[in-house]
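All chains, please: the whole structure from these sequences, using the hints.
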Amino acid sequence: MKLQRMNRRALALGALAVSGALALTACGSDETGTPGGGSSNAAASSNIKCDDASGQVLADGSSAQKNAVDAWVKQFSAACKVEINYKAGGSGAGVTAFTQGQVPWAGSDSALKPDEVAASKKICSGGQGIDLPMVGGPIAVGYNVPGVDKLVLDSATIAKIFDSKITNWNDPAIAKLNPDAKLPNLKIQAFHRSDESGTTDNFTKYLIATAKKDFPYEGGKAWQAKGGQSAPQSSGVAAQVKQTAGAIGYFELSYAKDGIKTVAIDTGAAEPVEANVENATKAIADAKVVGTGKDLALELNYATKADGAYPMVLVTYEIVCDKGNKAETLPAVKAFLRYAASEDGQKILAENDYAPMPDDIIAKVRTTVESLS
Amino acid sequence: MDTTQIADAPPPTQPPTAQQKRATRGATRPGDRIFLGLSRGSGILLLVIMAAIAGFLTYRAVLAISKNEGNFLTTFEWNTGVNPPVFGIAVLAYGTIVSSIIAMVIAVPVSVAIALFLTHYAPRRLRGPIAYVIDLLAAVPSIVYGLWGALILVPHMSGLFGWLNDYLGWTGIFSWNGGAARSMLTVGILLAIMILPIITNVSREVFRQVPQMHEEAALALGATRWEVIRMAVIPFGRSGVISASMLGLGRALGETMAVATVLSPDFLIHTSLLNPGGGTFAQNIASKFSEATEFGRDALIASGLVLFVITLLVNGAARAIIARRKEYSGANA
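Going down the list, the protein sequences come from chains G and V.
Reminder that position 323 of the first sequence reads as 323 in the numbering used here, one-by-one numbering, no gaps.
Reminder that position 131 of the second sequence reads as 131 in the numbering used here, one-by-one numbering, no gaps.
Simulated from the structure, these hints should not be mistaken for laboratory data.
Here's a subset of chain V near chain G, in silico, CB distances under 8 Å, partners left out:
#: 1; residue: Asn79
#: 2; residue: Ser287
#: 3; residue: Ser290
#: 4; residue: Glu294
Derived lysine-lysine pairs resembling BS3-like cross-links, with alpha carbons at most 27 Å apart:
#: 5; chain 1: G; residue 1: Lys150; chain 2: G; residue 2: Lys257
#: 6; chain 1: G; residue 1: Lys226; chain 2: G; residue 2: Lys187
#: 7; chain 1: G; residue 1: Lys113; chain 2: V; residue 2: Lys67
#: 8; chain 1: G; residue 1: Lys74; chain 2: G; residue 2: Lys347
#: 9; chain 1: G; residue 1: Lys226; chain 2: G; residue 2: Lys242
#: 10; chain 1: G; residue 1: Lys294; chain 2: G; residue 2: Lys122
#: 11; chain 1: G; residue 1: Lys205; chain 2: G; residue 2: Lys242
#: 12; chain 1: G; residue 1: Lys165; chain 2: G; residue 2: Lys242
#: 13; chain 1: V; residue 1: Lys67; chain 2: G; residue 2: Lys121
#: 14; chain 1: G; residue 1: Lys294; chain 2: G; residue 2: Lys87
#: 15; chain 1: G; residue 1: Lys187; chain 2: G; residue 2: Lys242
#: 16; chain 1: V; residue 1: Lys67; chain 2: G; residue 2: Lys122
#: 17; chain 1: G; residue 1: Lys205; chain 2: V; residue 2: Lys67
#: 18; chain 1: G; residue 1: Lys288; chain 2: G; residue 2: Lys205
#: 19; chain 1: V; residue 1: Lys67; chain 2: G; residue 2: Lys226
All C-beta atoms in this analysis are idealised placements derived from N, C-alpha and C, irrespective of residue type, glycine included.
This is the structure:
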């Protein structure tokens with residue numbers, strides 16, 4: 001009996017070890033690709049100005065930009081003696097950690113709200129939290145329709161599909177936009193995010209800005225339309241789209257792989273626009289800065305009709321204090337952000353399916369980073 | 001939430017008479033006094049901790065509910081990020097209860113059957129290994145159940161769903177729109193598998209405690225083995241099986257990751273158990289927490305408070321049922 005109990009304990013320990021390993025792997029489920037990839041070269045790191053940065057920096061925030069930050073960190077910590085630990089706990093968690101003074105910078109899918117700015121004044125002595133747009137991400141609409149390799153949709157049709165107003169792939173509205181495609185008689189399974197997400201926020205912002213009539217909701221991080229199906233995180237939605245015939249769903253472009261096809265959007269431009277990083281950068285170039293002072297919060301022009309501008313984009317910000325940063329972390333944070341905003345830093349983004357910031361916006365970011373104190 | 005208190009309900013004690021009191025007081029030794037102090041202290045500490053949790057939940061919940069534009073109990077929406085915020089728990093309460101009921105309906109009979117088989121039918125050589133395998137089921141972490149559910153169970157449920165839709169679709173409860181089987185019924189089946197080991201184990205222990213004399217007496221009266229089980233074993237074990245079921249129910253009510261992985265949640269109450277949709281308290285908290293603002297977290301905490309209350313009610317009900325069947329409890333055998 002005693003022997004049996006011992007065995008049981010040993011087995012339980014084994015099970016615990018296995019489950020622990022599984023849990024650790026599960027944590028990484030929202031990551032894609034290999035950050036940095038093989039792009040690292042000595043030349044890139046030699047351009048990084050470390051100044052007197054050293055020590056350890058903790059940061060938290062948007063999971064949408066995790067792969068971008070990881071790629072930066074890899075290059076940056078190879079050049080400087082700084083350990084940067086970005087915990088992609090989500091935008092909400094990041095902003096909360098920032099306004100409570102736990103982290104010197106945070107990543108967020110949306111700019112600080114007025115009450116968050118007010119809260120940040122407590123920890124930025126003499127200053128306040130500001131938004132630095134640093135990473136752009138195209139939101140792709142992926143679909144799984146057997147026999148259809150190219151699909152063009154406009155915002156009104158996308159809105160109707162996700163609001164369960166169009167329920168079959170052979171709907172005349174879809175056929176009109178795709179005269180050459182052989183659309184099957186197949187039920188549409190529209191997938192949205194079950195968790196709150198900046199991706200949902202930006203996707204619905206686009207629909208509301210361009211097709212208010214067909215998408216009569218307020219928007220926000222939580223999905224509001226009724227009907228359809230849902231899955232957690234971009235990876236979950238992408239997995240469902242991949243395995244469900246008739247599915248359509250939205251996620252960041254980097255998840256559109258393994259044969260998931262993406263929708264080209266008919267924006268009113270000469271040609272339907274494909275979801276890729278160059279097209280996303282073109283759309284962000286149409287944005288205007290609405291932040292005051294050093295804050296560089298952007299207002300995107302979702303209704304852009306510029307040729308080759310993919311309007312369904314998400315911009316993630318790095319949030320720091322403009323003044324009153326903690327003395328022990330300021331050099332490291334400043335050096336890191338300087339690198340992220342540099343040409344090299346922005347170039348790495350495209351290799352990881354993110355969109356670099358357009359030139360005039362990133363120029364403003366660089367000036368602001370230099371002025372942090 | 002820890003629900004283990006149910007299983008080891010303290011045996012009923014008679015209030016000591018004045019004479020007894022005097023006797024114990026007279027014989028107080030330092031060890032007794034220290035032990036008394038320690039156990040009383042931990043008892044009080046437990047109450048304080050529970051009260052602190054309840055107080056914290058209530059405080060944060062009130063903060064959130066006071067700003068809620070919708071009705072907290074009846075709104076079919078969860079949107080804390082917009083101004084004014086709107087959120088309600090109707091769908092979550094419905095989903096939590098329905099999925100747990102499905103799990104109980106499936107798991108309790110199966111568990112009792114397994115426990116009876118192990119104690120009364122299985123060859124002695126098989127008892128150990130089978131019990132052991134069932135124990136192992138309890139050691140599997142819930143995220144693994146979730147992954148298994150999403151990758152294996154969901155795709156394989158379509159056949160059953162189609163069959164249910166063909167023959168029972170007219171009831172409305174089993175109609176199916178052909179979507180992926182990420183529905184309440186699938187969640188209920190998954191939860192049933194997850195709570196099966198705990199119910200089986202406790203029931204088996206209880207059935208093993210049945211006094212040999214009862215069974216032998218029944219056999220001597222000419223009862224068959226099934227009649228022995230029906231007349232001696234089951235009545236004796238009933239309260240134990242009920243507490244075992246309540247333990248299982250506690251796990252089903254609070255299960256988070258497996259539900260969040262398998263279900264396709266939305267904020268509607270569907271009459272059909274087969275169509276994707278619905279949600280549970282724990283699943284909603286898990287999926288909304290990371291992106292929630294301070295206020296959004298308060299709202300989630302408010303929903304957590306409701307789950308807390310539901311669990312307390314379930315525990316209370318279980319205790320009431322067990323108290324009524326005291327005559328069969330092991331302590332009196």
